[in-house]
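As they're listed, the protein sequences go chains A and B. Once you know that position 86 of the first sequence is 93 in my numbering, the rest is easy, because the numbers rise by one and skip nothing. Once you know that position 198 of the second sequence is 199 in my numbering, the rest is easy, because the numbers rise by one and skip nothing.
Just so you know, the hints here were simulated from the structure itself, not pulled from any lab data. Please read these numbers as outputs of a predicted model, since none were measured by experiment. One should not assume that every hint holds.
Stated by the list, open to error - Covered stretches of chain B, as calculated for chain A (at least 3 residues, CB under 8 Å):
#, segment
1, 47-57
2, 92-101
As the list claims (entries may be wrong) - Simulated pairs of lysine-lysine, DSS-like, Cα-Cα distance not exceeding 25 Å:
#, chain 1, residue 1, chain 2, residue 2
3, A, LYS174, B, LYS67
4, B, LYS132, A, LYS105
5, B, LYS132, A, LYS131
6, B, LYS119, B, LYS132
7, B, LYS132, A, LYS134
8, B, LYS132, A, LYS56
9, B, LYS119, A, LYS123
10, A, LYS123, B, LYS132
11, A, LYS174, B, LYS119
12, A, LYS80, A, LYS105
13, B, LYS119, A, LYS130
14, A, LYS131, B, LYS119
15, B, LYS146, A, LYS56
Idealized CB from N, CA, C, for every residue including glycine.
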Amino acid sequence: MTIDLQPNIDRALIPVLETVADPEIPVLTVLDLGVIREAIEEQGIVKIKLTPTYSGCPAMDVMSQDLVAAFAKVGKEVEVELVLAPAWSTDWISEKGKQKMEVYGIAAPLEETADKEALLGNKKIVKCTNCGSRNTRLISQFGSTACKALFQCNECLEPFDYFKCLK
Amino acid sequence: MANTDLYNYILGIADNSLILGQRLGELCGHGPNLETDIALTNISLDLIGQTRSYYQYAASFSEEYKTEDDIAFLRLEREYRNVLLVEQPNTHFGFVIGRQYLFDVYHYMLMDELQNTKDDTLQAIARKCIKEVSYHKRFSGDWLKRLGDGTEESHQKMQEAINGLWRFTNELFELTESEDAMIKAGIGVDVSKMKEHYYAEVSLLLNEATLQVPERKNFTSGGKKGTHTEHFGYILSELQYMQRTFPNMTW
Ligand SMILES: [Zn+2]
């Protein structure tokens, strides 16, 4: 089965969608994160399909409330539907999003094989967000939120979050 | 096919995640160190999130309960269908890791198979969950090896936990009537067929962790049919406290 992974987003809605951020990583908009799978306007109502990053991610409820509030500002009513399929993947984070994430202090997800090596502690490949060195080590597979792991730089000693690859 | 079978089938899967999630949640602020504390509560969060997806689906066609919260908070002890393994207490860290690993191996196999179900919603949930569960299994497996092949004390405690939890493992593969009906309908997974594969995988890791694989005898079960161990009432009293004290309260 092939699944259409390109979200169906009405261009006219993008300016408002760009004002809604991930409450845990405020530099990322919902568009950067790739959680909006559909956003269309039908008979004056904006219909949004939102997909969770992780099943228990508490940010999803906040994002959905924030979407309603953002569109209310421009006088539009919103219906948010949570969809599970196809399951969210870190591949859906935009390139711009990954860059913003790094500047913010979170190392962006590596591709799947590299990610495994990094999380098993086999290879030093995760780049320190402070000094850029790849001489870093895994502190914990789980970090401050479900989507992150905790690393520390062996050069500058800075601890930092790494956004885990989810595929 | 009766809707009751589908409902019971969904709850049979979901209740494991709810109760294990609740057990792990008890460790919030009590983990042996900061990293494991955060890891265990992260796993708890994943499991409770998964539970929500299942309960929302079950509530969408249930005649008795209208919302996911009703299903989670308003049932009586005999109506919960989780296996006995997941309700066992957090005796010590070895038990927490042992319980998690013994469940994760099963959970991963179940989610892997459930991806082939004819039911679209269950398929979507399984495809979402398997990504999370593979991460849980990696965590619990790593710790099992570290503790088993660690110090004399950690080895002894890890072995004690495996010996204590082993008798609950066979229940994972016992089929209930609802499971039978759902397997026939092409919706459910025949977990009885996963059994040998499960014990082979677990034994391999126990060996690697220099631990003894207990004998496969003296198994006990009952949770899937609603007959729970003495620990269950305490879990429910904590889980349901708010709804029982302030009926219909919401966040
Ligand atoms: Zn550094």
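Results of checking the hints against the structure:
As drawn, the segment 47-57 of chain B meets chain A at 7 residues by the rule of a beta-carbon pair under 8 Å; at three or more, the given contact holds. Remark: the segment 92-101 of chain B is not confirmed as covered by chain A, as 0 of its residues place a Cβ nearer than 8 Å to a Cβ of that chain, below the required three. About 33 Å separates the Cα atoms of LYS174 of chain A and LYS67 of chain B, which puts this hinted pair outside 25 Å; it is violated. Taken as a hint, the LYS132 of chain B and LYS105 of chain A pair is honoured in the structure, with Cα atoms around 21 Å apart against an allowance of 25 Å.
In summary, the hint linking LYS132 of chain B to LYS131 of chain A is supported, as the alpha carbons are separated by about 23 Å, within the 25 Å threshold. Straight-line distance between C-alpha atoms of LYS119 of chain B and LYS132 of chain B comes to about 20 Å, which keeps the hinted pair within the 25 Å bound. A threshold of 25 Å between alpha carbons decides the hint, and for LYS132 of chain B with LYS134 of chain A the separation of about 24 Å falls inside it, so the pair holds. Among the hinted pairs, LYS132 of chain B with LYS56 of chain A is consistent with the structure: their alpha-carbon atoms are about 21 Å apart, no more than 25 Å.
For a cut-off of 25 Å, the pair hint linking LYS119 of chain B to LYS123 of chain A is broken: about 31 Å separates their Cα positions. For the hint pairing LYS123 of chain A with LYS132 of chain B, the CA-to-CA distance comes to about 13 Å; that is within 25 Å, so the pair holds. A hinted pair counts as satisfied when its Cα atoms are at most 25 Å apart, and LYS174 of chain A with LYS119 of chain B qualifies at roughly 22 Å. Of the supplied pair hints, the one linking LYS80 of chain A and LYS105 of chain A is violated, its CA atoms being roughly 28 Å apart against a limit of 25 Å.
In summary, the hint linking LYS119 of chain B to LYS130 of chain A is not supported, as the alpha carbons are separated by about 40 Å, beyond the 25 Å threshold. Proposed proximity of LYS131 of chain A and LYS119 of chain B is contradicted: the alpha carbons are some 43 Å apart, above 25 Å. The suggested pairing of LYS146 of chain B with LYS56 of chain A is violated, with an alpha-carbon distance near 42 Å, which exceeds 25 Å.
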